[in-house]
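Given the coordinates of chain A, work out where chain B should sit on it, guided by the hints.
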Amino acid sequence: MFGNHVHKQLSAYLHGELSAQDARRMADHLRNCARCHAKFEEIEFGAQMAGRLEREQAPDDLWDGLELAISSHRRGAKTAEVSGFTWSPLKVGLASVLVLAIAVLASTYFRRQPEQPLPDNRPTWDVTRLDGRPSIGKQRIAEKGKLPLGEWLTTDETSRAQISVGQIGEVKIEPNSRVQLVEAQEDNHRLAMQRGKMEAFIWAPPRKFFVQTPSALAVDLGCSYTLEVAEDGTSLLHVTMGWVAFEWQTRESFVPAEAKCVTRPRLGPGTPYFADATAEFQAALTQFDTGSADSLDVILASARKRDALTLWHLLSRTENDARGKVFDRLAQLIPPPEKVTRTGVLGNDRVMFDLWWKELGLGDTEWWRMWKGDLPTQSR
Amino acid sequence: MNELHNEERLIEACRQGDRESFRQLFELHKDRVWSIALHFIGEEAAARDITQQVFLKLFTAINHFRGEAGFSTWLYRMTVNACLDEQRRRRRFLSLDIFRTDDERNPMEKQRAREVEQATRQLAQEDHHSQLELSAAVKSAVRQLKPKLRIAILLKYFEGLSYEEMASVLGCSAGTVASRLNRGHRELARKLQHLRSGIETGK
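Those protein sequences? They're chains A and B, same order as listed. Residue numbers for the first sequence follow my numbering, so the first one is 1 and each next one is one higher. Residue numbers for the second sequence follow my numbering, so the first one is 1 and each next one is one higher.
Hints are not guaranteed to be accurate.
[Unchecked claim] Quick partial rundown of chain A residues pointing at chain B, CB under 8 Å, derived from the structure: (1) L10; (2) L30; (3) R35; (4) A38; (5) E42; (6) I43; (7) G46; (8) G51; (9) E56; (10) L66; (11) L130.
Keep in mind the hints are simulated off the structure, nothing from the lab. Source: prediction; values computed, not measured. All C-beta atoms in this analysis are idealised placements derived from N, C-alpha and C, irrespective of residue type, glycine included.
Excised from the complex, chain A in its bound form (with noise of 0.2 Å):
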């Protein structure tokens, strides 16, 4: 077998994939042959470098995607089997004619086209294009177009656009962003974005409208922010009016206007802030929220009044002595009211956090928990 040079066996010899005996005869010819030893050494260092890739872990958010995409199918294949249409021999001759026709002339003009999976009765939401060509799907947009449930929307780095979301408001989109639709219901307005930056503008009662992103979930309180998402899903709010909830899991961060909030994967929601705070206040502040609790003194020092805000929100992420080293300096800039002490906020009195909450002037706790009630006014 190996009489003459062996070049188009050597992956299946370093595989171990040829027989016992033709491995024998590889190992003697490569032994006695520079040349196919040299091509051996080529193909090996070649296998050796594909051997460090790795295989990667798909994104959290996947199954939302599918789960909706299935969702469709599912309706799609209801309303064909609700709709008592019967098929005699005659149909089923007619359709299959009909049938191969039209999968003749496909094939003809498309080879292979890819599947379309999803129906086309889903709920769609009016996109405009504000610049470039955005896409829809793997369509690209002219100046409207429409975003149905579970197809996503993206933007090169020139292109920028406009979704209606329903009847309660409009969101941009700018350059290098992808947004999904992922719910249309009139009490359950909802995207999913992977990626970029989107400015919101609602003008609905609070959460009718929110925004997936890799690491938490934006609850609109009624109100105008911007959102950008990192590639990595660490995610910015901005509030420009009104009030943003930022969740993950147990944890919810409250964004008045002119604060701004980071979400990190795995960390979910950080203390939100004024976007006028020190420049200190801000760094020692993510790195609390990373995880570095020993720029709690630093924060702590460097806090204005209107901070208080932030310092709220640390009562409930901090224990013991740091929630006592809170407490204090909060009580200086706000002092708590009379039936709100320090035994009963370290012992974590949820009442007494949201008594002092109304002390703040940023709005009555009722509003935001349950979400009903005014909007709430601002004040320095």
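Using the frame of chain A, we list chain B on its own:
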């Protein structure tokens, strides 16, 4: 054996329309589909679409799975088809290439070639090879392989399939698999030639 039994149980439950079982089946296999798609196409957005397409097709067609071939083989076949379909679709949109000069043609591949050059140059300049940078150079080189060679390399090195199994997935003979892997290895060795001396001395 338990895993195999568990998979059979899940498949049977999926046939009955059990969504939770499908979720478990998805969790079991999502990383392998994702990895092949991501390394084949090289873009997260497209890999996402391919992975969702594969599992949606799996969900709708699972009643047709008869078990003659292994479930994994069936899944790999769907994944390979979805990847190649995406590749063909992209090629259709590049058909205006004939009007372009060589430099303008296929900017994606040019970009990838630049990535490999950049990564290898950087590595050659450093005394020790960062694992991360090396990994990036390898990924980029794999993405430059022709689709048939690329998919063979991915199936072999992500999934560790035998030549017979790969032949079943790819619908070709084991000899063709051997030939494609051979060419794939050789191409990789040539594209990553600059790293060779550094890595061999670092052995």
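Verification of the supplied hints:
For A:L10, the shortest C-beta to C-beta distance to chain B is roughly 6 Å, which falls under 8 Å, so the interface hint holds. Given the 8 Å rule on beta carbons, the hint for A:L30 is violated: about 15 Å separates it from the nearest Cβ of chain B. Because the beta carbon of A:R35 sits about 14 Å from the nearest beta carbon in chain B, more than 8 Å, this interface hint is broken. At a threshold of 8 Å, the smallest CB-CB gap from A:A38 to chain B is about 11 Å, leaving the interface hint violated.
Residue-level restraint check for A:E42 holds (minimum Cβ-Cβ distance to chain B is 5 Å; threshold 8 Å). Taking 8 Å as the C-beta contact cut-off toward chain B, the hint placing A:I43 at the interface holds, the least distance being around 5 Å. Here the hint on A:G46 is kept, as its CB sits about 3 Å from the closest CB of chain B, short of 8 Å. About 6 Å separates the beta-carbon of A:G51 from the nearest beta-carbon of chain B, less than 8 Å, and the hint is met.
For A:E56, the shortest C-beta to C-beta distance to chain B is roughly 5 Å, which falls under 8 Å, so the interface hint holds. For the restraint placing A:L66 at the interface with chain B, the shortest Cβ-Cβ distance is roughly 5 Å, inside the 8 Å limit, so the hint holds. The beta carbon of A:L130 is not positioned within 8 Å of any beta carbon in chain B (closest approach about 20 Å), and the interface hint is therefore violated.
Violated hints for the displayed structure, listed by number in ascending order: 2, 3, 4 and 11.
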